[in-house]
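Colleague: Sequence:
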Amino acid sequence: MDLKRVLDIVEEEVVDGDEEELASPDAKRRRTLLNSSSMQEAIGAQYMQKHLPKLEPFLRRVVQEEVHNVLIRHIDSAHRLPLQLKTSSKRYKLQFQGNLPQTLFTGNRVEAENKQPLRIVLTDAVNNQLITSGPLSSMKVELLVLDGDFNADERLEHTEKEFSESIVFEREGKRPLLSGEVVIVLEKGVASVRDISFTDNSSWIRSRKFRLGARMSRASSIEERVQEAVSNPFLVKDHRGEVYKKHHPPALADDVWRLEKIGKDGVFHKKLADFGIHTVQDFLRNLVMDQYGLRGLLGSGMSNKMWESTVEHARECVLDDKLYSYCSGHGIILLFNCIHENIGVVVGSNCFSVNALTATQKALVVKLQQDAYKFPSRIVEFKVQSQSADQSPTAPVPPGPASTQMPGLPPQGGEANPQPQDHGLLPLHDAALGLEDVLHQHHRHHHSEPWITNGFDATRDPFDMLQFSGSSQPCGLLLSSTGARL
1 MDLKRVLDIV EEEVVDGDEE ELASPDAKRR RTLLNSSSMQ EAIGAQYMQK HLPKLEPFLR
61 RVVQEEVHNV LIRHIDSAHR LPLQLKTSSK RYKLQFQGNL PQTLFTGNRV EAENKQPLRI
121 VLTDAVNNQL ITSGPLSSMK VELLVLDGDF NADERLEHTE KEFSESIVFE REGKRPLLSG
181 EVVIVLEKGV ASVRDISFTD NSSWIRSRKF RLGARMSRAS SIEERVQEAV SNPFLVKDHR
241 GEVYKKHHPP ALADDVWRLE KIGKDGVFHK KLADFGIHTV QDFLRNLVMD QYGLRGLLGS
301 GMSNKMWEST VEHARECVLD DKLYSYCSGH GIILLFNCIH ENIGVVVGSN CFSVNALTAT
361 QKALVVKLQQ DAYKFPSRIV EFKVQSQSAD QSPTAPVPPG PASTQMPGLP PQGGEANPQP
421 QDHGLLPLHD AALGLEDVLH QHHRHHHSEP WITNGFDATR DPFDMLQFSG SSQPCGLLLS
481 STGARL
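Residue numbers (UniProt numbering): 1 to 486.
Check before you lean on any hint, since a few could be wrong.
What the hints assert, rightly or not - Calculated pairs, DSSO-like style, for lysine-lysine (alpha carbon to alpha carbon, straight line, at most 27 Å):
no. : residue 1 : residue 2
1   : Lys50     : Lys93
2   : Lys245    : Lys209
3   : Lys161    : Lys245
4   : Lys322    : Lys305
5   : Lys174    : Lys188
6   : Lys140    : Lys93
7   : Lys174    : Lys264
8   : Lys209    : Lys174
9   : Lys245    : Lys264
10  : Lys140    : Lys115
11  : Lys383    : Lys367
12  : Lys93     : Lys54
The set of hints was computed from the structure by calculation and includes no laboratory data.
No experiment lies behind these values; they were computed from the predicted model shown.
Put together the whole structure using the sequences plus the hints.
Modeller: Put into structure tokens, the structure is as follows:
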């Protein structure tokens with residue numbers, strides 16, 4: 001609105017207001033508000049008249065630039081679309097075959113999880129087929145260290161700039177992070193990483209993890225875009241930390257501190273050592289024979305959660321095929337596996353699996369088993385050897401004391417092959433095979449591969465000869481292939 005026109009209106013309103021001043025208080029109040037509003041409009045109009053000539057060129061320039069940029073982007077993308085479709089079909093990429101372990105150690109050769117050499121392959125980015133011919137299939141490849149946070153979202157593609165910005169170099173005063181054969185040559189599109197190792201740990205970067213990267217060597221003059229290979233993230237620890245590494249699965253002969261939650265030279269390790277528990281096998285035997293005593297030995301310092309973790313780790317152990325025996329002194333021999341779990345019983349000339357026994361017989365076996373656990377030193381190795389039936393033993397077996405007959409068992413010298421339906425027991429040949437099944441079931445329970453004890457062969461009588469060794473007790477046992485006592 002023109003400033004002069006606004007002021008004239010205000011003047012007219014003031015004159016009219018004077019004439020009506022004595023009309024009423026409400027009219028006076030409305031006139032005051034109207035005067036104030038009119039003054040604000042006048043001031044605003046005056047401000048716009050003063051500054052609008054300066055703002056107009058700026059606003060026109062901004063609008064013009066934005067419109068221009070939008071048009072340029074639209075035209076550029078329209079022209080580039082055919083080119084992008086054309087070049088994408090010719091793009092290639094490097095890939096790692098196989099994952100690296102979650103933890104590596106400095107100085108150790110970098111290998112895949114299966115202990116096989118890590119491989120790099122050149123593939124077509126569209127159909128993922130191996131490129132076995134052409135110049136690219138025999139180019140040099142450079143191995144690099146990347147930040148563990150690079151490509152955290154596992155994108156299928158990344159730019160060359162993103163890859164370069166994620167390269168990790170050695171710390172000041174340190175050797176290069178990778179040592180060894182850091183440049184390898186593709187052969188028909190494939191190369192193996194055989195001799196590289198890390199010289200420093202990964203704890204000093206923010207992500208605390210590295211990735212391994214591979215790209216075409218900068219010395220190679222290639223026009224095609226080859227996307228770089230990026231491995232899975234992993235920790236790198238100092239080599240001295242490998243000495244304290246936990247084994248998965250643990251071995252029977254491993255030191256007991258290889259188990260989870262038991263530190264080398266720590267409180268739990270010392271308590272176990274003072275009690276004569278030095279290996280994983282010792283731990284498992286005590287766990288079988290007296291679980292509550294072992295738990296009490298470690299004390300309240302080991303929480304229930306820690307205890308469960310230690311026991312679970314110990315039970316991952318792969319058991320060996322050795323058998324152990326305990327002679328009760330009553331003509332009954334208990335058979336144990338390598339961690340002293342009862343798996344069978346020998347009575348007279350017959351061997352029975354625990355599942356083949358009646359409830360009464362099982363109760364007697366449990367009682368004898370408890371006696372054996374009180375004297376673990378009397379549980380000795382039970383060897384299975386092969387010997388033809390016509391061979392005689394090298395030494396006679398001392399006669400044993402009068403045998404105590406196991407309830408439900410036929411008297412010695414009686415029926416040679418009792419029927420399972422009559423006594424719940426298996427004859428010699430069938431019982432041996434039944435015992436083999438028990439061993440299979442037992443080792444499946446311990447998360448290991450099924451195994452067959454030395455001397456057990458399903459194609460022949462597995463008890464060609466059983467010889468109880470390691471003890472001079474009068475219950476030593478020698479059986480011929482016919483099952484008769486020699």
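Colleague: Now, for every hint given, state plainly whether the structure supports it.
Modeller: Hints, verified against the model:
no., hint, result
1, Lys50 <-> Lys93, "violated (63 Å)"
2, Lys245 <-> Lys209, "holds (18 Å)"
3, Lys161 <-> Lys245, "violated (38 Å)"
4, Lys322 <-> Lys305, "violated (32 Å)"
5, Lys174 <-> Lys188, "violated (36 Å)"
6, Lys140 <-> Lys93, "holds (14 Å)"
7, Lys174 <-> Lys264, "violated (30 Å)"
8, Lys209 <-> Lys174, "holds (18 Å)"
9, Lys245 <-> Lys264, "holds (10 Å)"
10, Lys140 <-> Lys115, "holds (24 Å)"
11, Lys383 <-> Lys367, "holds (24 Å)"
12, Lys93 <-> Lys54, "violated (56 Å)"
Violated hints, listed in ascending order, are 1, 3, 4, 5, 7, 12; each of the other numbered hints is respected by the structure.
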